Amino acid sequence: MSKSLLPGHEKPNLTEDGRIAGVIDPTDRQDAATKEYVDIAVANL
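If you count by full-length UniProt numbering, then the sequence shown holds residues 1 to 45, one letter each, in order.
It should be emphasised that the hints constitute simulated quantities derived from the structure, not laboratory data. Just to be clear, a hint being listed does not mean it is correct.
With beta-carbon atoms standing in for the labels, derived distance ranges [as the list claims (entries may be wrong)]: (1) L14 x N44: 15 to 25 Å; (2) G22 x V42: 15 to 25 Å; (3) T34 x L14: 16 to 26 Å; (4) V38 x T15: 32 to 42 Å; (5) T15 x Y37: 15 to 25 Å; (6) L45 x E16: 14 to 24 Å; (7) N44 x G18: 16 to 26 Å; (8) G18 x L45: 29 to 39 Å; (9) E16 x N44: 32 to 42 Å; (10) L14 x K35: 18 to 28 Å; (11) L14 x A43: 27 to 37 Å; (12) N13 x K35: 28 to 38 Å; (13) A43 x E16: 17 to 27 Å.
This one's a predicted model, so the numbers in the text were calculated from it and none came from an experiment. Ideal Cβ positions, reconstructed from N, Cα and C, are used throughout, including at glycine.
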């Protein structure tokens, strides 16, 4: 049983391919498209 490094924080959820869930991977095409979409949306505020 491993303890969390920070009290009150659980270990991160991992996706099936071992990445941390919710973290954008800039080399992933879908994540890159999502980031571009968000960047455009923020720029249009």
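Structure-based check of each hint:
1. L14 x N44: 15 to 25 Å: Violated, since L14 and N44 (Cβ atoms, about 34 Å apart) do not stay within the stated range.
2. G22 x V42: 15 to 25 Å: holds, 18 Å
3. T34 x L14: 16 to 26 Å: holds, 19 Å
4. V38 x T15: 32 to 42 Å: violated, 19 Å
5. T15 x Y37: 15 to 25 Å: holds, 20 Å
6. L45 x E16: 14 to 24 Å: violated, 34 Å
7. N44 x G18: 16 to 26 Å: violated, 35 Å
8. G18 x L45: 29 to 39 Å: Given a distance of about 35 Å, which is inside 29 to 39 Å, the answer is holds.
9. E16 x N44: 32 to 42 Å: holds, 34 Å
10. L14 x K35: 18 to 28 Å: holds, 21 Å
11. L14 x A43: 27 to 37 Å: Distance hint for L14, A43 holds at roughly 32 Å.
12. N13 x K35: 28 to 38 Å: At 20 Å between Cβs, range violated.
13. A43 x E16: 17 to 27 Å: Violated, at about 33 Å.
Violated hints, listed in ascending order, are 1, 4, 6, 7, 12, 13; each of the other numbered hints is respected by the structure.
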